[in-house]
Structure formats: structure tokens, C-alpha cells
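Residue numbers (this note's numbering), protein chains in the order written: chain A, 9 to 418; chain B, 2 to 255; chain C, 55 to 465.
It should be emphasised that the hints constitute simulated quantities derived from the structure, not laboratory data.
Computed from a predicted structure; not experimentally measured.
Here a beta-carbon is modelled for each residue, glycine too, at the ideal position from N, C-alpha and C.
Do not take every clue at face value.
Claimed, not checked - Below, a list of computed lysine to aspartate or glutamate pairs in the EDC-like style, where the Cα atoms sit at most 20 Å apart: (1) 236(C) to 136(B); (2) 64(B) to 234(B); (3) 84(B) to 60(B); (4) 154(B) to 30(B); (5) 225(C) to 92(B); (6) 119(A) to 122(C); (7) 225(C) to 126(B).
As the list claims (entries may be wrong) - Partial chain A-side listing against chain C, Cβ under 7 Å, derived: (8) 36; (9) 290; (10) 297; (11) 301; (12) 366.
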Amino acid sequence: MNSIVLIAWRNLWRNKRRSWTTMASVILAVILALIYYSLKQGPINLLIDNTINRIGHITVAKSGYHDNQSINSSIPVSKELLDTIYTENSIENIVTKLQNYLLLSTGERTKISFINGVNPTDEDNQTVLSEKVICGAYFTSESDIGILIAEDLAQYLRIDRVSCEGEVVLYGSGYQGISVALTLPIRGIVKMPSPEENKISSYITLTNAQEIFSPYVPNLASTLSVYIEDDSQIDIVQRGIIAQLSDQYEALKWNQVNEELEQQILAEQVAYIVIVSIIYLIVGLGMFGSVLMNILERRKEIVIMHSLGMSRSNIFASLMAESIFSGLVGVSIGMFISFIFLGYFYLNPIPLSDGLALVMESYNLEPFLFFELNPYMFIKEALTVFSISVVISIYPIWYASKFNYSNTFH
Amino acid sequence: MKKIVLSYIFSFLFISANGIASEDITPIEVLNRSYDNQLGKNSISELKMTIVRPQWQRELTLKSWSYGRDYYLIYILSPARDKGQVFLKRENNLWNWIPNINRSIKIPSSMMSGSWMGSDFSNNDLVRERTYVNDYNSKFLDDETKQGFDSYKIELIAKETAPVIWSKIEVWVDKEHFNVVQADFFNEDNEVISRQEMSDFKYFSDSFLPGIVTITPLKDEGHSTVIETINIEFDLDDIDEEMFSIQRMKNIRP
Amino acid sequence: MIIVKVAWRNIWRNKTRSILILVSLVIGVSFSVFFEGMMRALMLQRVTKSIENDISHIQIHNKNFLEEDDISYSIENINTIEFFLENSPDISTYSSRIKISGIISSTDSSSGVVAYGIDAKQESQLTGIKNMLILGNYLDNQGVIPILVGKKLSENLNVKLNSRVVLGVVKADGSVAYGAFKVYGIFNNQELFDATHVFIKQSDMLDLLETTREESISEIALKTNTSYSNENIQIIQQKLQDELSSYDSDIIVRSWDVISPLLKTNFDFSNLMGIIFAWVILIGVIFGILNTMMISVMERTKEIGMLMSIGMTSLNVFKMIMLESIFLSLTGGLIGIVIGWILIIISANGINLEPIASGMTAVGYDYIIYPELSFNFLINIAFTVIVMAILAAILPAKRAINFSPAEAMRL
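Next up, chain A with everything else stripped away, as it sits in the complex (with noise of 0.2 Å):
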């Protein structure tokens, strides 16, 4: 056996151009999978950080506020409902906010936004608020009084945009139906990505948010965030909130709560598929060429080692071993080239321009064509360009341990 393989390898470097040209296909069919695959998930993967880094893994709140996201199916924050998420294993951070629906005024004229009350803390670890600050300044402290408004809710505010300074009349109903009516100092603008977003959100402190909202009713809640560390647990994390919480309370996982999100990344996935396999299939092809060709070639070479005593198993094993050898260095290197070109652009993401920007920024992504890069991919295209570059050459092989002698040399 061991001479076998031994004869597979060193016929496998004999002829160095002809096995090249075998491996080549290998590597590239690597290639341009994974450099495929990482064009496709590195967008896909940045919307679902980003959705993430939004509302959490899972989104704990009042049963049905997902459909309907009122003021009023708001939950009080016990200790004992954060105790208890926390039992679950995995639990990274449960993060609060309290959001409503309230007017805008600026006496010269009035608009209606969706005004997040947030930790900001938290909020900025997750989704970068302080970075979208435009002018004024980021809360230092839960303690902040002021309001963060959006750019161009800011513009129709007519909200001066270099000073930012002014207060503005908060109006509307809170939690319970109390009325809400107050100023509060302007203390920012923030360009948010999305288009939409920029022009009906706004910011205060989540402390803030439950005295404004909620003056009877402590510790008032829309949703609860929960960020777990290993995403693999989601299912279990959720299985388990929904099984001790009661029925008053919905656990969502973030695909269900960004269903749009969900049909998106099935709908990509579907055409990775379909694409890939047509990779695969050319590719496989010039593959099956090749190695019928070097085995056509070697046809003298097979019937005489056959003649000089070498069973017609042996002979196919030693082909076959070949196969396996070039399949085996030919996706090493294929990685290898990968990893570096897929390594480079991981780093430092293409900048889109302005078209491809904009369809980027209404998804609320970055404006870069970002590169995915994690070992699992590389592991699954490499398993499966192997075993197609080693299932192809079985017929070739099996052809060739068949010569003989009479129909070779007449």
C-alpha cells in the first residue's frame, strides 16, 4: 500500500506541467467559490450585525408589540424579569429602551418622530451613536437631559445645524395615555443611515424617557435586547425565555422580528446555489477533461506497468491516489490564495460610489463592499471541490485500469 502511494506522489511530480494543468482547475474552481461566497455573505453577514447590534439576538416585550408597537404595550423592568432572562445560559447583556411616537415643535413648525429613549452606554456599543453626532454633543450620562435629533427631521425643524442650539417642545401621549408636553434642550444632530430614520428619529436618555413617558409607571420598557454571546444558543436562549416567562410576554429572535430581512437572505441564498453549482459544473468539467486526458496520454505507461505484474486494483489505486494527491494540493493552494486575496480585501473593504452607496445606506449599511472570512467557509468549499475533483476522476480511472495490451500496442 505504502508503495502505492508512494509511486501516486512521485508520478504526480514526473510530469510537472501536465499534473499543473489538472490542479489548476482545482484551484481555481476554489477561488472563485469562496471569492464568491465571501462577495455574498460579507453584505448579508454586515445586515445581520447590524440588525443585531439594533434589537439584540432575542427581543423580549409585551406580547403583540411587534404588530404593534404603541406606548402603551410597555412592560415595567423588574429586577426579577432580568434575573430571570439571565438564567439562561449564554446571556451576553440585556439591553432597555422605551420608544414613542410624539411631535416635534419648534414653534415655527411641528413634525412628528419616533424618539428612542436609550441607555447610552449601550447604544453606542452597539450602533455607534456617538459617531453619527453631527454637531452638539453625545450623552455622557444616563443623567442627560437633552434630545438628539435627526438630520433632517433637524432641516424641516429648521433647527440651525452648525450652532444646534434651541430647545424643542416634546408633545403627545405616554404610557397609560398621560399627557406629554414639555421642552427639552437641543443637544445634537445625528445623520442616521437610513434615509427613513433620518428623518423621523430622535434620541434622549432612556432614564429620561421613562420620567417623560412614564412618570407613574417606573422602569417602563418597549423592548428588551438580549445580545447572547455563542449565536448558535439562539434557539435554546429563546426556547428557554419563552418557557419562563409568561404569556404576557412575546420573545422574538431577530429574524423574526426583521422578516424582510429573513426572505432576503433565503432569496441570496437560492442564487448562491444556482450559481455556484454552474461554477462547479464548468469547472468540474475542464476537471474531467483534464484527467482523461493525462490518463489517454499515459495509456503506454498504465498497459506496461499492468504487463510488468501490477494488478489492475493497484493500478487503480495508485490513479486514484494521484487524483487525490493533486486534488489535495491543488485546494491547499487554492486557499492559500484565497485566504491572502479574500485576507486583503476582509481588511480593507472597497468603497462603494455613489449609486451603490445609496442602495447601501437605505439598507442602513456602511457604503463599503465588504469581504467574509471565517474558517468554516474555507473548510466547506474545500470539501467539496476535493470530493468533486475525486469523484470525476473515478470513470477516467476506472476507464484506464481496463487497458490492455492488445488494443494499446497493435
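Position chains B and C against the provided structure of chain A, taking the given hints into account.
Just chains B and C, lined up with the frame of chain A:
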């Protein structure tokens, strides 16, 4: 002639008035009698509104001034947090004066469909004037006894072009005092969507009126709004149209 | 000429190899053609739908109206402007609308909407609203006061055909005017559109607002005589802007790509997608050709050496190898294009994607895709195949002429 001011404040509530029943009265006359009678000069009243929800309830006390059909003011007496807020209705517009920020806000059309102070009426219900007599075709159904009152039962079918959402209203009017006892509001599938029930009838000065009005949106279980009349006076000398201005709204005191 | 013949024959000397490479070429090219047709159709259907049913080619407003959709910012001298539009050879149809924000209420709930007072006949010539109706009828009936609502809105309000709804619209003085309407038709376009748009007859809108047509037309949407993707749109837009400014100095004329830059990007992106996709596949295919030609040249070392030693010039050997590669690619490419074309024709009745992407309509796509052929793309791909074939052949051809006859013969 006695009037109740509820109808000014929550204008979709039914109007009632004491009067003398005649034998051959038409449904329009029954409604007109309530309706015409309420167009008095002015009134002052004090009300308690309770908003009932499955998990909580909330109480507000209000003082209200009215002048004709188009003008009224509501001053919030309690809870303490909202004390001093004033709502002014002038014709089709609604303003809100908020003393703690020293501002008056005209409720924009985008907020008109929102709930008023968390109750089961919208801002719209406050502002829009309903002319039942003009918007519906009416006929008598068989008399019924409601809450011990021998009542006319009147069916109102919305006219094709009338800007009202209800397809049909059934209303019970006490034959003796011409008070509305109950009103049911239907959608086009003939389901009752909303119900008003009057109860605790008693004399306020010399008017026999319902002390409590309960509004129940039947699709939302456990939801209702209860309005209790604490006190009501009619035809006072010191109420005139000038009182109902944005300027005066800021200075009104209970 | 003899070289051409020799090259063609050489291809068919080793049938197995040539057929293998042809098959991969055919698959690559035909799938590229087919999928490009499908992807582009998917994107274009979305863009076209928005343009046909919502935006139109060009819209005209008072520029203040765009910032604050207040009825008082209507288009001035509307009759003169309409007369101009009617007589303009560039414009095929237009619709003058009263666009206004309002509240619609049913017994169950209320919702903020954009209400359009439209001329039923004008509008049906311009937009697909009439064809989007899934229930009921268009606004052409007399007698009742009809309103068309979107499917999503009908669900939100819990109304059906013939339900009574009350529409309140904001008048110029800021007060709200209410009117009763009967749900006369329910349309299905795209979720967001459906939830926020209602259509009533212009005459009913004027009655509601108690105003005249002359002082309330706030939007004119129009279709030109060219396709929306045509660059002449911009020329027509500019022309209208210049001409109409003399009737209303505040007028602003915008083409669809300015009204919805996102849509414009989608449109551009759809073209780019197909090209990227085709390139990925072509790289795979061309690599196959390079590989095959390389093996073929090496196999024929002796033969080529012999040809050169009997006087064939290097140039001719180079030409021969090049031609072999080009013939191979052209044959495969042509068959691939034809098969891709046939696939598109077969699926022209529509490919239903509902089972794999049930949420697509919510984001503005159709379930059913009608792939269509782009001749531009066909020419592109044919051209690319030839260029790639030449590039793929350079290396093997150079290899071939580098054999010295002596060296070649020794092997």
C-alpha cells in the same frame, strides 16, 4: 329648557333633554327635541372621566365651559401632573394650552385620529360636530323598556353621502324625560362596535339627567371610558364668545 | 486560408476533449444568458412597476409643495400648462392630480394616508391603477362616491368592498374637511404603497375641499413618448422646466431618476449584476479553454515541430493555435447563446418564485418573473467569449512557437 353639556364636550354622545311626550311624535321630532334643546346659550360643568383598561385605570377631573355648538373649553383639574392644561375647540380646530411649557399647540391633522387623554375617544370625536338629524334616516322600532324607562327605540341608517363611519345606530330615548338611555353603533356587517349607556339618572338643579355615561368599544375586551357628571349649570351671564379665544384660554381658571 | 481549415480539423481530431470543452462552454454561456435575463427581469419588473404604477416618467409640482405638501402650494396657470402639455409632441399622456394628506377612518380604526383626487380617465391612461384592482371596480361609476384603497390599508381598517369609510383631508386653512366614501375597489401594488394611498374622483375632492380645480392641482404626472430608460427623458424634462417656468415661476419638473434615486440605482445595479455574474462564469469557462489548448499543444509537440521543420512559419503556427481556440469558443459560445435564448423563450410565460421567496412582494418584487432577452447582453457575451478565447490561446500558442524543431523531434 335644560341642556346638558356633555354633548358639547364629547359631541358624539347623544343629546337628551326633558320635555313633554306627545302621542304622534316622529323619530325625527324625538331626536330634534333633544337636539334643538341643547343649543342653549352656554354652560359650565364639572366632570370626572375614568379610563378603564384590563391592566389599569386612570381618573381625570375636568371643568368645562361651552358657548353654542362651536366653542368650548376644557380645563384639567386633576391629576396634578396635567392640572392647568386647557383644550379649546373653536369650530373645527382644537388647541391645547400647556402651562408648564407656557405654550399653546394646535393639534395637527396628523394627530386627530389619536386618542384624547388616553380615553376611548379620539381628538376627532371632540372636534367634529355630528348632526344626527341630517346624517341619518330614522324610523321607530318597537318601544322597549331600558333601565326601567319606557323608551322609544329609534333606528338611524346613515345616508349615503354623510361623512360618518357608522352604518347604523340604534338609540333608546326615555319617553318621559327625553333622555337617551342607550345607543349602539353598528358597522356594515350589523355588528355593534361601540356602545354608550347612560345610568345613574338624577336631578341636577331642576334637570333630570344621566349622572354617568359609559362608552364601551366592544372589540377591545376590558376597555371602557366612564364619564360622571358631578355638577352642571346652564345659561350663565358671564360666558360669551370672546372667552373662547387662544389668548383667553391661557388665563382661564376653574 | 489553409490554416483556417487545418485549425478547424485539428479541433475535431480529438473529439472527446473538444466535446468536453464545448459542453462546459455551452453550459456556461447558456446559463449566463438565461440568468442574466432572469435577474434583469426581476430588477426591471420592480423598477417598471414603480414607474408605471406610481412615479411615471416625469412629475411637475410647485417646488414648495415638495417640502410641505400643503394644498395651497398648487400649480399656477394650470389650464395654460395643460394646454401646453396636450400639444407637446414629446408627451403621450398626463394626469393632473390633487394630492393631499388626510386621515381615513372606518368603524375599526383610522390611518394617515395620501389622498389623490384624480380624473379617472386621464389617470387610467397614465398609471396602472386600474389594472392593479384585485376587487371591485374603477372610479368610472356614477351615483355613489367611490374610493379606491390598497389591500394592506383595507386590512388595517378592516374594510371590504362597499364598506363605508370617512376621509378627512386638510384644507388650505389647515382645517379638516370630511366626506363619506364607499370602498369601490381594492388594489394590490406594493405593501407600502397600498397602505398609504387612496384614490377618489377629482370632482369629489373638489366638493370636499370646496375649491376650484384651478387652485388645487398640486401634481402633474406624465409619460413621454420614449421609454423611461431612454436618455431623452432628461432632455424633455429640461425642456419642460424651461417652458413651464414662464407660466409658474415656482414650478419644478423632475424625471423619475431624480424623484427616486434609489430606483435609478436599482436599475443600474440590475445591469451590473448580470455582467458580474457572466464574468464569474466566463472566467471558469475560459480557464477550461486555456487548459485544453495547453494540453492539446503539449500533446502535439512532435507534430508542431514537424510542421515547423518542413517550413511552416512561427506566425502561421501561432495563427493556427489561435484559430483553434477561437473556433472552439465561437462554436460553444454560439450554441450556448442559442440554448440560453431558447430557455428564455420557454420561460417567457413566467417563472414562479413564490415557493422560495414568499416575502418578495412586500419589498416590491414580483413572484412571477418574466425573463427577457437583452440583445445588448448577447452581443456583449459573444464579444467577451471571443476576447477571452484569444487571451486564453496566447499562452498555448506562444508555447507552441517556442518549441525548436530539434527539441520537439527529440521528444
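Against the structure, the hints:
1. 236(C) to 136(B): 15 Å, holds
2. 64(B) to 234(B): 12 Å, holds
3. 84(B) to 60(B): Roughly 12 Å between the alpha carbons, so the hint for residue 84(B) and residue 60(B) holds.
4. 154(B) to 30(B): 13 Å, holds
5. 225(C) to 92(B): 14 Å, holds
6. 119(A) to 122(C): 11 Å, holds
7. 225(C) to 126(B): Roughly 19 Å separates the two Cα atoms, so the pair holds.
8. 36: 5 Å, holds
9. 290: For residue 290(A), the interface hint holds, since the closest Cβ of chain C sits about 4 Å away, which is under 7 Å.
10. 297: With a closest approach of 4 Å, the residue 297(A) hint holds.
11. 301: For residue 301(A), the interface hint holds, since the closest Cβ of chain C sits about 5 Å away, which is under 7 Å.
12. 366: Hint on residue 366(A): holds, closest Cβ of chain C at ~5 Å, below 7 Å.
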